[in-house]
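K.L.:
Sequence:
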Amino acid sequence: MNDWVGLMEKALAEARLALATGDVPVAALLVDAAGSVIAVGRNERELTHDPTAHAEVLAIRAAAEALGTWHLEDTTLVVTLEPCTMCAGAILQARIPRVVFGAWDEKAGAVGSVHDVLRDRRLPHRVEVVAGVRAEESAELLKGFFEARR
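Everything in the sequence shown is counted per our numbering, starting at 1 for the first residue and increasing by one.
No lab work stands behind these hints: they were computed from the structure.
Be aware that a few hints might be false.
Claimed, not checked - Restraint-style ranges between C-beta atoms, simulated for each label pair: (1) P124 / D74: 12 to 22 Å; (2) R150 / E73: 18 to 28 Å; (3) R126 / G68: 23 to 33 Å; (4) E106 / S36: 29 to 39 Å; (5) A33 / A131: 14 to 24 Å.
All C-beta atoms, glycine included, are put in the ideal place defined by N, C-alpha and C.
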């Protein structure tokens, strides 16, 4: 399974829904080996007043609930923005083997820009990373959101 572009389009559509709640437009999909969507999450920090309500964390929680296990070994996380340190930790804890992301996060990214938590050789679990899928569109969505707030 490697229709990352198509899956990223689904994630971008979900990210746009976060705009209605004033949340940063980031979304994540957790898919199985065949590319079927198991769970979806989008940022809900403003909506829920929960600082941990990042798209990745919400998608991981929903997938664990749907599958009845926190071991998400045969899945891929597709997310519109490079995960932060908190989300990278959750990805490692869930044993997700692959992350596909769109835009780089030069301020808080933990998958290669500021830190590289997912591929840190000191940790027992490393993750395959596919970066830059629909990066320009992902970045433009975020740029438009922040420009409108200024």
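K.L.:
Look at each hint and say if it fits the structure.
P.N.:
Comparing the hints with the structure gives:
1. P124 / D74: 12 to 22 Å: holds, 18 Å
2. R150 / E73: 18 to 28 Å: violated, 42 Å
3. R126 / G68: 23 to 33 Å: Holds, since R126 and G68 (Cβ atoms, about 26 Å apart) stay within the stated range.
4. E106 / S36: 29 to 39 Å: holds, 33 Å
5. A33 / A131: 14 to 24 Å: holds, 21 Å
Checked against the numbered hints given earlier, the structure breaks only hint 2 and satisfies all the rest.
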